[in-house]
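Trainee: Listed below, chain by chain, are the residues.
Protein chains: 2
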Amino acid sequence: MRGMVAEIIAVGSEMLTPYRVDTNSLALTSELNKLGVAVAFKTILGDDLGQLTEAARIALGRADIVLFSGGLGPTEDDLTREAVAAVLGVSMQRDTSIVDGLRDRFRKRGIELRDNNMKQADVIDGAEVLPNANGTAPGQWIDTEFEGKRRILVLLPGPPKELTALYTDQVERRLRGVVPQVHIATASLRMAVVPESEVDARTAPIYQEYSDVQTTILSTQGEIQLHFLASKGTEAEAEARVAEVQGRCAAEMEPFVFSAENETPEQVVLWLLGERGQTLAVAESCTGGLLAQRITAVPGSSKSFLGGAVVYSNALKTAFADVPPAMLEEHGAVSEPVARALAEGIRARCGADLGVGITGIAGPDGGTETKPVGLVYLGIADGAETRVLRLNLGGDRERIRWFASQHALMELRKRLL
Amino acid sequence: MRGMVAEIIAVGSEMLTPYRVDTNSLALTSELNKLGVAVAFKTILGDDLGQLTEAARIALGRADIVLFSGGLGPTEDDLTREAVAAVLGVSMQRDTSIVDGLRDRFRKRGIELRDNNMKQADVIDGAEVLPNANGTAPGQWIDTEFEGKRRILVLLPGPPKELTALYTDQVERRLRGVVPQVHIATASLRMAVVPESEVDARTAPIYQEYSDVQTTILSTQGEIQLHFLASKGTEAEAEARVAEVQGRCAAEMEPFVFSAENETPEQVVLWLLGERGQTLAVAESCTGGLLAQRITAVPGSSKSFLGGAVVYSNALKTAFADVPPAMLEEHGAVSEPVARALAEGIRARCGADLGVGITGIAGPDGGTETKPVGLVYLGIADGAETRVLRLNLGGDRERIRWFASQHALMELRKRLL
Numbered sequence: 001m002r003g004m005v006a007e008i009i010a011v012g013s014e015m016l017t018p019y020r021v022d023t024n025s026l027a028l029t030s031e032l033n034k035l036g037v038a039v040a041f042k043t044i045l046g047d048d049l050g051q052l053t054e055a056a057r058i059a060l061g062r063a064d065i066v067l068f069s070g071g072l073g074p075t076e077d078d079l080t081r082e083a084v085a086a087v088l089g090v091s092m093q094r095d096t097s098i099v100d101g102l103r104d105r106f107r108k109r110g111i112e113l114r115d116n117n118m119k120q121a122d123v124i125d126g127a128e129v130l131p132n133a134n135g136t137a138p139g140q141w142i143d144t145e146f147e148g149k150r151r152i153l154v155l156l157p158g159p160p161k162e163l164t165a166l167y168t169d170q171v172e173r174r175l176r177g178v179v180p181q182v183h184i185a186t187a188s189l190r191m192a193v194v195p196e197s198e199v200d201a202r203t204a205p206i207y208q209e210y211s212d213v214q215t216t217i218l219s220t221q222g223e224i225q226l227h228f229l230a231s232k233g234t235e236a237e238a239e240a241r242v243a244e245v246q247g248r249c250a251a252e253m254e255p256f257v258f259s260a261e262n263e264t265p266e267q268v269v270l271w272l273l274g275e276r277g278q279t280l281a282v283a284e285s286c287t288g289g290l291l292a293q294r295i296t297a298v299p300g301s302s303k304s305f306l307g308g309a310v311v312y313s314n315a316l317k318t319a320f321a322d323v324p325p326a327m328l329e330e331h332g333a334v335s336e337p338v339a340r341a342l343a344e345g346i347r348a349r350c351g352a353d354l355g356v357g358i359t360g361i362a363g364p365d366g367g368t369e370t371k372p373v374g375l376v377y378l379g380i381a382d383g384a385e386t387r388v389l390r391l392n393l394g395g396d397r398e399r400i401r402w403f404a405s406q407h408a409l410m411e412l413r414k415r416l417l
Numbered sequence: 001m002r003g004m005v006a007e008i009i010a011v012g013s014e015m016l017t018p019y020r021v022d023t024n025s026l027a028l029t030s031e032l033n034k035l036g037v038a039v040a041f042k043t044i045l046g047d048d049l050g051q052l053t054e055a056a057r058i059a060l061g062r063a064d065i066v067l068f069s070g071g072l073g074p075t076e077d078d079l080t081r082e083a084v085a086a087v088l089g090v091s092m093q094r095d096t097s098i099v100d101g102l103r104d105r106f107r108k109r110g111i112e113l114r115d116n117n118m119k120q121a122d123v124i125d126g127a128e129v130l131p132n133a134n135g136t137a138p139g140q141w142i143d144t145e146f147e148g149k150r151r152i153l154v155l156l157p158g159p160p161k162e163l164t165a166l167y168t169d170q171v172e173r174r175l176r177g178v179v180p181q182v183h184i185a186t187a188s189l190r191m192a193v194v195p196e197s198e199v200d201a202r203t204a205p206i207y208q209e210y211s212d213v214q215t216t217i218l219s220t221q222g223e224i225q226l227h228f229l230a231s232k233g234t235e236a237e238a239e240a241r242v243a244e245v246q247g248r249c250a251a252e253m254e255p256f257v258f259s260a261e262n263e264t265p266e267q268v269v270l271w272l273l274g275e276r277g278q279t280l281a282v283a284e285s286c287t288g289g290l291l292a293q294r295i296t297a298v299p300g301s302s303k304s305f306l307g308g309a310v311v312y313s314n315a316l317k318t319a320f321a322d323v324p325p326a327m328l329e330e331h332g333a334v335s336e337p338v339a340r341a342l343a344e345g346i347r348a349r350c351g352a353d354l355g356v357g358i359t360g361i362a363g364p365d366g367g368t369e370t371k372p373v374g375l376v377y378l379g380i381a382d383g384a385e386t387r388v389l390r391l392n393l394g395g396d397r398e399r400i401r402w403f404a405s406q407h408a409l410m411e412l413r414k415r416l417l
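Protein chains in written order, with this note's numbering: chain P, 1 to 417; chain U, 1 to 417.
There's no promise every hint is true.
[Said to hold, decoys possible] Here are the simulated DSSO-like pairs of lysine-lysine, each with C-alpha atoms no more than 27 Å apart in a straight line: (1) K303/P x K371/U; (2) K161/P x K119/P; (3) K371/P x K303/U; (4) K34/P x K149/P; (5) K303/U x K371/U; (6) K34/P x K232/P.
[As the list claims (entries may be wrong)] Derived Cβ-Cβ restraints for the label pairs, each shown as a range: (7) R150/P x L49/U: 25 to 31 Å; (8) E369/U x S97/P: 36 to 42 Å; (9) E261/U x G395/P: 24 to 30 Å; (10) A236/P x I217/U: 50 to 56 Å; (11) E14/U x E76/P: 36 to 42 Å; (12) R387/P x E252/U: 56 to 62 Å; (13) E235/P x I111/U: 40 to 46 Å; (14) L49/U x D143/P: 30 to 36 Å; (15) E275/U x D396/P: 34 to 40 Å.
[As the list claims (entries may be wrong)] To give an idea of the interface, some chain U residues facing chain P are shown, with a C-beta separation under 10 Å as derived from the structure: (16) A10; (17) Y19; (18) T29; (19) L218; (20) G222; (21) S301; (22) Y312; (23) L316; (24) K317; (25) D382.
Rather than coming from a laboratory, the hints here were simulated on the basis of the structure.
Glycine included, each C-beta is placed from N, C-alpha and C at the ideal position.
Working from the sequences, and respecting the hints, build out all of it.
Mentor: Spelled out as structure tokens, the structure:
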């Protein structure tokens, strides 16, 4: 039996500029998949009544569930309600309780309610109103027939916070009542410092044995993710299937896997530091604060992360991490001894259990034949031992810096395990 | 006269997961707009021949130019060629010169050419082959009639680097020969630390006078952008129109505008530092390296940026920026005197012309009644004077940190002007 399929229609001319991507559909897709509903189509179009009506007609022809995001506001350009009413051949009625709510809301803010705001109170015949706790435009839910088939239409506001809250509060349980009940389980593996092609070559023979598990491989920002999804008659069956394929893939890729719980590398490192009651300090040259920034982006990082120094100039390498000027002179700032001295120096200076030193050439300029762009030395000191990795990273400045921080986190994880 | 309109169809089941957005269409939209072509529709769908053929039919019914991205690879799932041939009712021929090229490419890499790779050499009847310098799948260009109307179909590979290079090398000049010639000029203004609603309220009365200029307002990461586009009979006319509306909007929003040249705030600050031959050092507590990271992400930043310290712990505020322990004791780490001391201390320690100190509560925990989450003190010292700003920032940890770094850059800009 084929499950229900959905189409997501994002409405708004700003979505057709070079500047904006539709991210609402990602959150909706994730939620729909949990109900066993696949998204088969996404359409993005502007604020044109004729085009919008026609797109709604096409969607109703090919999808069981059609979700609209945007076009519910108060301006002339907000036409989703009108288009849906037109394609269904029904009218709209102004809902006085919504009008009262709008009046109230505006009065509280001391703003005048203008006529155009009233259109947000127009309800399509046969629709249920979905109250919007975070904005003025309510959503609408329509369970109807179109050309002899049952169709669900959901009108949602465009602002992401309004849309996701409204989905959770109002739409999810309504969909559960409509969609044939299936049990979905998901799992993931996150890996780093390994090429996507290697992950695919090694794990495809495993996950392809699981034709009932949907596997997605993703490569993003120096990280490879495997996502598994199974849909079964019971939750236990679904959980068992994804756990099995996840476990086998994890064993295959062992040293590169940093999380099976959808955590970031920095979360994993902070968790390990916390577990062991250890502290960390970093001295960054070519990454210029990126590593510290990633770590401190995690709430509660101050428990294990003391801080460190951004030692862009040679003078600061000496001032903040006690790298001897003679060493900088002899070996150059980008060298094995300097990475070692940075790691040891910052560790001692900050009184941390672990110290990291990073020095390298992020480019685009500054490379030489012996020290090309992408050469990075990464030192990690724990008092007993200091190890220095020499990395040759490819790509542009952004990629080199990111991968250097990624390697630092993976090495810290290894050291802490 | 209505200009030509385009539809972009992104093909690939991975585009319908919760993990991936279609960014190819942004690059294509930007290029198409430069030719005076508006993108009216975007469709995203999976690797299903029936659905893909139907989507191509719908697109040919409503757009003059239909661009496909993806689905040109060697696997069974790559079906864009097949769908386009089906909708046009034509056949495909295997092109021997493409086969030879594939053979060559594979031999050079020492990989065996498998049968399925051959399908990349299938050329739709009536199509021109668009050589792909960066991958195995060539693009295709079809200039044809569909239901009595002239239609252009462009098949492009999905990987972004292949797609953009192929567009530039092969597609752009072909489109120029098809599209009625117009002259397009664009301009932009970038603003920060001002709400979008204020920018819109103040500039809308200006840009609405220019009905021949398309204005887009965007709010992204603590920044508001205005983008202007005019299409005219001559380049000079188009340039003059966008320059006029840009100039008037810039005058209206004067203190908040940091670039009319599409630069980032960090680029502007580094440019000003370079101009004046001055250097900068930063001491960051709540931003944890974010400010340093943003500045050092700019190539060449080492000329003006010396470095600094991430002083997460109180001990490091003293060790790296000489904040007196008694001051930390008396006023707390998040206080006006500590921000001042951090700015002055890091400036002196690093021997920089300008010093920045940031201390605050990024949350989600750590707030109190008198010092709530979002309270940030920002100090800037230049030797002659130290000024401290008290900020009350809203939102989550990420937003508070970002806006704190944004304010720091805007204050640095002001100080340098």
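Trainee: Just tell me: holds or violated, for the beta carbon distance of E261/U and G395/P against 24 to 30 Å?
Mentor: Given a distance of about 26 Å, which is inside 24 to 30 Å, the answer is holds.
Trainee: If you take the shortest Cβ to Cβ gap from K317/U to chain P, is it below 10 Å?
Mentor: holds (9 Å)
Trainee: Do the alpha carbons of K34/P and K232/P lie within 27 Å of each other, as the hint requires?
Mentor: holds (12 Å)
Trainee: In this structure, is the beta-carbon distance linking E235/P and I111/U contained in 40 to 46 Å?
Mentor: Because 44 Å falls inside the window, the suggested range holds.
Trainee: Taking 25 to 31 Å as the stated bounds, is the beta-carbon spacing between R150/P and L49/U within them?
Mentor: Once the Cβ atoms are compared, 26 Å apart, the range 25 to 31 Å for L49/U and R150/P holds.
Trainee: Would you check the hint for K303/U and K371/U, treating anything up to 27 Å between C-alpha atoms as holding?
Mentor: violated (37 Å)
Trainee: Once the shortest beta carbon distance from D382/U to chain P is found, is it less than 10 Å?
Mentor: Violated, because the Cβ-Cβ distance from D382/U to chain P comes to roughly 19 Å (cut-off 10 Å).
Trainee: Hey, K161/P versus K119/P, does the alpha-carbon distance stay inside 27 Å?
Mentor: Cα-Cα ~21 Å, so holds.
Trainee: Going by Cβ atoms only, is L316/U closer than 10 Å to chain P?
Mentor: Hint holds; L316/U Cβ to chain P Cβ min 4 Å, cut 10 Å.
Trainee: So if I understand the rule, the pair passes when the alpha-carbon distance is 27 Å or less; does K303/P with K371/U pass?
Mentor: holds (20 Å)
Trainee: Run the distance test for K34/P versus K149/P: straight-line Cα separation, threshold 27 Å.
Mentor: Given that 27 Å is the threshold and the Cα spacing comes to 24 Å, the pair holds.
Trainee: Mind checking the hinted window 34 to 40 Å against the Cβ distance between E275/U and D396/P?
Mentor: The hint (34 to 40 Å, Cβ to Cβ) is violated, given that E275/U and D396/P are roughly 26 Å apart.
The structure fails hints 5, 15, 20, 25 (numbered hints given earlier, in ascending order).
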